[in-house]
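Each protein sequence line maps, in turn, to chains A and B. Residues 1 to 89 in my numbering are what the first sequence lists, from first letter to last. Residues 90 to 260 in my numbering are what the second sequence lists, from first letter to last.
Errors might be hidden in some of the hints.
Taking lysine to aspartate or glutamate and the EDC-like style, the derived pairs with C-alpha atoms no more than 16 Å apart in a straight line are [stated by the list, open to error]:
id	chain 1	residue 1	chain 2	residue 2
1	B	K201	A	D8
2	B	K142	B	D224
3	A	K10	B	E198
Among the chain B residues that face chain A by a calculated CB cut under 8 Å, a handful are [as the list claims (entries may be wrong)]:
id	residue
4	Y96
5	K101
6	N105
7	L108
8	T121
9	F125
10	G190
11	I202
12	K221
13	F245
14	K249
15	L255
16	L256
Hints are computed from structural coordinates only; laboratory data are not their basis. C-beta atoms are modelled at their ideal positions from N, C-alpha and C, and glycine is treated no differently.
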Amino acid sequence: MNSSSNTDMKQVFEQLANIKAVEPNANLQTLTLSRLNKKNIIPLNWVRAVACLFILFISSEYYVFYNNKSNRQDVASYVSVTNNILYNE
Amino acid sequence: MTFDEIYFEHHKMVFNLALQYVQNIEDAEEITQDVFVKVFDNLDSFKKQASLKTWIYRISINQSLDFIKAKNTQKRNFLSSIFSLTDEKFKFEPPNFNHPGIELEQKEEYQKIFDAINQLSVNQKTAIILLKIEDKSQFETAEIMNLNVKALESLFQRAKKNLEILLNQKG
Numbered sequence: 001m002n003s004s005s006n007t008d009m010k011q012v013f014e015q016l017a018n019i020k021a022v023e024p025n026a027n028l029q030t031l032t033l034s035r036l037n038k039k040n041i042i043p044l045n046w047v048r049a050v051a052c053l054f055i056l057f058i059s060s061e062y063y064v065f066y067n068n069k070s071n072r073q074d075v076a077s078y079v080s081v082t083n084n085i086l087y088n089e
Numbered sequence: 090m091t092f093d094e095i096y097f098e099h100h101k102m103v104f105n106l107a108l109q110y111v112q113n114i115e116d117a118e119e120i121t122q123d124v125f126v127k128v129f130d131n132l133d134s135f136k137k138q139a140s141l142k143t144w145i146y147r148i149s150i151n152q153s154l155d156f157i158k159a160k161n162t163q164k165r166n167f168l169s170s171i172f173s174l175t176d177e178k179f180k181f182e183p184p185n186f187n188h189p190g191i192e193l194e195q196k197e198e199y200q201k202i203f204d205a206i207n208q209l210s211v212n213q214k215t216a217i218i219l220l221k222i223e224d225k226s227q228f229e230t231a232e233i234m235n236l237n238v239k240a241l242e243s244l245f246q247r248a249k250k251n252l253e254i255l256l257n258q259k260g
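Extracted from the complex, chain B is given alone in its bound form (with noise of 0.2 Å):
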């Protein structure tokens, strides 16, 4: 399979996932890039351990709480981005919100929803992305996370009580 070839089917899968991730559309151009120019550099060193579709997932998923990360540390100081707990890296608010999937009536309504997914952990908010947004199925979503599906169940069990307590709060 060429580059081109590879590109062409998957390019706009990545995209999507990458706008899940930072909801706005320049950021996932960005994450877009990154994650071709990797797929190309790394196309050599691929095992066929996982399928080309779950190894271009993982790379997407890691590009984009890569950008989130050097976002975040961007806005901090050197020393508070030192000290900061792992997860508090990947906690992302978006500059503007400004994702192409939703309709402009339900905006403010899908932001809601959105910076609470923002707050969870990375596993979790990941897999609510995979399983609620991409809509894969929890064998798929194991697959790419490297779970085994019993740890991703109640990965998720946590993931939907924790946003739960978090649309709560914010009325």
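Chain A on its own, in the form it takes in the complex (with noise of 0.2 Å):
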């Protein structure tokens, strides 16, 4: 590198130490604290615990009533054919 590239990066680098801190807005604590009241009203976790806890329940019922129909066919192949006619006529 030569001197002249080298004073540019030093006026580069005092430029850049010359850029002012700033204040950020006074509303920037509220928006936040907002956010978070908001985030908290349902945490994320507690929702998905729900929501797995509804899928469980509804492949539950799925499967129960899928094997309760089974079983009545199966009973339903040992009973003869039902008809009108009384024994003891």
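Bring the two chains, given one by one in their own frames, into a single complex with the hints.
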């Protein structure tokens, strides 16, 4: 690197050092706190847990329902065809 | 230390650091909010291996980089965002250069410098921001960046060289 370009970089870094620190907007804290409050209404982990339980419940209901239906079909196969004729007739 | 106290003590630092990464007020405010939401969420898991300030610095840097990555992904289409190089995702072109720490007369000059800084790799950009804008010592910067001082020195030298090349290209 030659000396003139070094001086340039020195100047660039001086310019960067002169950037002033800025005071953020006063309502930034309010905005941050309102975001935190919104976030705290229902934590995401709870939503996930409830969704898992719901899916588990639905799938167990589905399993039980179809299991019962097939049992009923099995029983029905043992019963002879129904008719209206009385035995003592 | 309560959350309010942490906010009061560090919000200015977080906002200004974000401002150096994105160079406009709106984005810096959004990043600041994201940082404090993360601080709030992870305060219990904060292990005192580093100081609170260093920890918040790291969150702020990561959040700023994530913000830039998200903005770039929005701009690109799906395939090009998958196949782009890791560092490309972090190269930032601010939609509007609106840095309140810079005087209006010098805006163009600074915009040129920041355009070049935005072209640097993530670590080089962070080194320049912390050492030259935030005026952190080498030791503090190395701690924030999780590097040793020697590695930081060589990183800074590379950053300086690349910045010089980029500035010369821009004329």
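Checked hints:
no. : hint              : result
1   : B:K201 <-> A:D8   : holds, 14 Å
2   : B:K142 <-> B:D224 : holds, 15 Å
3   : A:K10 <-> B:E198  : holds, 15 Å
4   : Y96               : holds, 6 Å
5   : K101              : holds, 6 Å
6   : N105              : holds, 5 Å
7   : L108              : holds, 7 Å
8   : T121              : holds, 6 Å
9   : F125              : holds, 5 Å
10  : G190              : holds, 4 Å
11  : I202              : holds, 6 Å
12  : K221              : holds, 5 Å
13  : F245              : violated, 11 Å
14  : K249              : holds, 6 Å
15  : L255              : violated, 11 Å
16  : L256              : holds, 7 Å
In summary, the numbered hints that this structure violates are 13, 15.
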